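> Here is what each chain is made of, one letter per residue.
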Amino acid sequence: MKIERALPLLTVTLAIIIAWYLACVPMNAVLTTNKIVTAGGGWWNTLAFSWNEIRPVLPSPHQVVREIWNTVFAVEPWSNKSLLFHLWVTLSSTLVGFVMGGLLGILLAIGIVHVGSLEKSLMPWVIASQTIPILAIAPMLIVVLGKTGLPDIFTKATISAYLCFFPVTIGMVKGLRSPDVMQQDLMRTYNASASQTLWKLRLPASLPFLFASLKVSVAIALTGAIVAELPTGAVAGIGARLLNGSYYGQTLQIWAALFVAAFAAATLVWLLGGLERSSLKRMGAHS
Amino acid sequence: MSGAVILARELGLTFQTGDGAVEALSNINLDIREGEFVSLIGPSGCGKTTLLRAIANLETPSSGTLQVNGMSAEQARLARAYGYVFQAPALLPWRKVKDNVALPLEVMGLDDVAGRVARNLELVNLKGFEEKFPWQLSGGMQQRVSIARALAFDPKLLLMDEPFGALDEIVRDKLNQQLLELWDRTKKTIIFVTHSIPEAVFLSTEIVVMSPRPGRIIDVIESDLPQQRNLDIRETPAFLKIAHRVRAGLKAGHSYED
Numbered sequence: 001m002k003i004e005r006a007l008p009l010l011t012v013t014l015a016i017i018i019a020w021y022l023a024c025v026p027m028n029a030v031l032t033t034n035k036i037v038t039a040g041g042g043w044w045n046t047l048a049f050s051w052n053e054i055r056p057v058l059p060s061p062h063q064v065v066r067e068i069w070n071t072v073f074a075v076e077p078w079s080n081k082s083l084l085f086h087l088w089v090t091l092s093s094t095l096v097g098f099v100m101g102g103l104l105g106i107l108l109a110i111g112i113v114h115v116g117s118l119e120k121s122l123m124p125w126v127i128a129s130q131t132i133p134i135l136a137i138a139p140m141l142i143v144v145l146g147k148t149g150l151p152d153i154f155t156k157a158t159i160s161a162y163l164c165f166f167p168v169t170i171g172m173v174k175g176l177r178s179p180d181v182m183q184q185d186l187m188r189t190y191n192a193s194a195s196q197t198l199w200k201l202r203l204p205a206s207l208p209f210l211f212a213s214l215k216v217s218v219a220i221a222l223t224g225a226i227v228a229e230l231p232t233g234a235v236a237g238i239g240a241r242l243l244n245g246s247y248y249g250q251t252l253q254i255w256a257a258l259f260v261a262a263f264a265a266a267t268l269v270w271l272l273g274g275l276e277r278s279s280l281k282r283m284g285a286h287s
Numbered sequence: 288m289s290g291a292v293i294l295a296r297e298l299g300l301t302f303q304t305g306d307g308a309v310e311a312l313s314n315i316n317l318d319i320r321e322g323e324f325v326s327l328i329g330p331s332g333c334g335k336t337t338l339l340r341a342i343a344n345l346e347t348p349s350s351g352t353l354q355v356n357g358m359s360a361e362q363a364r365l366a367r368a369y370g371y372v373f374q375a376p377a378l379l380p381w382r383k384v385k386d387n388v389a390l391p392l393e394v395m396g397l398d399d400v401a402g403r404v405a406r407n408l409e410l411v412n413l414k415g416f417e418e419k420f421p422w423q424l425s426g427g428m429q430q431r432v433s434i435a436r437a438l439a440f441d442p443k444l445l446l447m448d449e450p451f452g453a454l455d456e457i458v459r460d461k462l463n464q465q466l467l468e469l470w471d472r473t474k475k476t477i478i479f480v481t482h483s484i485p486e487a488v489f490l491s492t493e494i495v496v497m498s499p500r501p502g503r504i505i506d507v508i509e510s511d512l513p514q515q516r517n518l519d520i521r522e523t524p525a526f527l528k529i530a531h532r533v534r535a536g537l538k539a540g541h542s543y544e545d
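Protein chains in written order, with the numbering used here: chain A, 1 to 287; chain B, 288 to 545.
Among these hints, one or two may not hold up.
[As the list claims (entries may be wrong)] Once the Cα atoms are required to be at most 30 angstroms apart in a straight line, the calculated DSBU-like pairs of lysine-lysine come out as:
id: 1; chain 1: B; residue 1: 414; chain 2: A; residue 2: 281
id: 2; chain 1: B; residue 1: 443; chain 2: B; residue 2: 474
id: 3; chain 1: B; residue 1: 414; chain 2: A; residue 2: 200
id: 4; chain 1: B; residue 1: 383; chain 2: B; residue 2: 528
id: 5; chain 1: A; residue 1: 200; chain 2: B; residue 2: 419
id: 6; chain 1: A; residue 1: 174; chain 2: B; residue 2: 385
Since the hints were made in silico from the structure, they are not lab data. Quick caveat, the model's predicted, so the values are computed rather than measured.
Let's have the full structure, built from the sequences with the hints guiding it.
Here it is in structure tokens:
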């Protein structure tokens with residue numbers, strides 16, 4: 001990355017870190033005031049105690065980094081103390097849900113674009129499905145799906161899919177309709193069938209829209225998988241770590257899990273971005 | 288030259304729009320014989336593109352009869368009787384030149400794709416550009432690719448809707464010359480929509496002059512220019528005489544406006 005591009009990002013990152021360190025002082029005051037006074041006060045003691053509480057209200061950045069280091073690199077990756085193990089549990093259902101949701105989203109969009117009545121009959125349901133808070137519907141889905149005897153991963157993946165099909169449907173409806181009238185007329189002059197028009201014109205034209213949607217979806221799918229772990233009382237997964245941390249007031253554990261989840265989501269989006277660039281390049285995109 | 292490729296009798300086409308019905312075509316009678324190069328010329332809104340689209344079965348006439356190769360326009364489209372060149376190249380940007388030309392062949396399931404693509408790209412002087420993507424070509428080259436694509440499945444009828452309208456005059460002159468050579472080599476029947484008088488006179492064996500509101504034919508001019516033409520012919524008295532008649536027709540069509 002060139003320095004001109006990195007500089008703005010670094011500046012913002014630095015500003016956030018400084019604000020974070022400063023915020024630790026008032027946030028942890030309830031725990032640290034007495035200790036600071038006992039130790040004799042002064043700004044050095046204030047910072048030393050605010051930034052190094054064992055169970056802080058707001059942990060300082062270096063505490064979070066140390067916690068991530070301890071739970072990612074300093075333990076066996078398959079032990080249940082390892083965040084990597086928990087991340088894998090969440091990530092595997094994220095990916096299954098992402099594939100399910102992506103396929104559902106594409107199929108719905110193909111249906112909506114080809115059958116006029118489907119747009120009128122399905123679209124309101126598609127939109128309504130997203131207005132229900134996932135926290136409300138997740139426990140019910142878990143109960144219902146739990147009865148089917150399917151593996152747990154599918155229950156969690158279903159909730160991911162429920163959340164992440166939506167951007168794909170919306171993006172793909174737009175993408176499949178993106179070929180202009182002239183290109184559609186062209187296929188008509190060839191007496192092309194609907195499926196030939198779909199495969200040779202609509203789907204290739206919709207690819208940029210698909211990738212934009214998938215990048216949104218994959219991040220939502222991860223959120224869905226984490227949310228799905230909360231009401232199940234799951235013992236493993238990022239969601240379980242968050243829940244566990246909040247039960248026992250382990251803020252460090254929560255923050256470490258959050259950062260690892262965010263890093264995983266960013267990595268997934270970045271991977272899709274790479275796939276997007278290479279696919280579109282093969283399809284003649286320039287610049 | 289024999290057999291009517293296009294036969295229109297009392298053809299009418301009315302569009303229903305937000306502010307009432309628009310009579311795009313009215314009482315069109317037209318015969319086009321095989322092997323002719325026919326230009327439809329007229330100002331904007333005269334229905335020349337609509338007539339071409341009706342022949343291609345992209346619009347449906349409201350009245351009268353229209354036959355293409357002795358069939359209805361729809362049957363002719365289903366039989367893939369014509370190649371259509373649009374105002375813009377309408378190439379698929381994700382396909383290389385050769386794959387764009389191969390598109391109709393894939394849709395129609397024809398064999399010898401590579402051979403047909405090579406032959407037609409050679410016909411429009413684009414040999415060597417097979418592996419380029421559309422954005423790597425100039426506007427004139429892109430439109431030549433779209434002509435090669437229209438010819439790829441060897442239809443006898445070529446419908447062209449102001450194909451060179453967006454190009455500058457120098458490129459347009461060159462492409463007109465090339466189109467005449469192509470017509471001479473392939474013996475296609477060509478119906479060519481334009482609003483340029485020199486283009487129409489230079490290219491055509493027959494010029495159909497149209498006028499707007501309602502869209503109708505006001506003159507059909509048989510050209511007596513020789514089949515073999517080059518651009519210098521535009522300076523000859525015979526050429527200017529035909530051009531004058533076209534201009535007079537266009538003027539007459541406008542006379543009861545303004």
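> Next, verify each hint and record whether it holds.
Tested hints:
Of the supplied pair hints, the one linking residue 414 of chain B and residue 281 of chain A holds, its CA atoms being roughly 24 angstroms apart against a limit of 30 angstroms. This hinted pair checks out: residue 443 of chain B and residue 474 of chain B have alpha carbons roughly 8 angstroms apart, not beyond 30 angstroms. For the suggested pair residue 414 of chain B and residue 200 of chain A, the alpha carbons sit about 24 angstroms apart, so the restraint of at most 30 angstroms is met. Of the supplied pair hints, the one linking residue 383 of chain B and residue 528 of chain B is violated, its CA atoms being roughly 44 angstroms apart against a limit of 30 angstroms.
In summary, the hint linking residue 200 of chain A to residue 419 of chain B is supported, as the alpha carbons are separated by about 19 angstroms, within the 30 angstroms threshold. A C-alpha spacing of about 28 angstroms is found between residue 174 of chain A and residue 385 of chain B, which places the hinted pair at or below 30 angstroms, so the restraint holds.
Consistency with the previously given hints fails for number 4 only.
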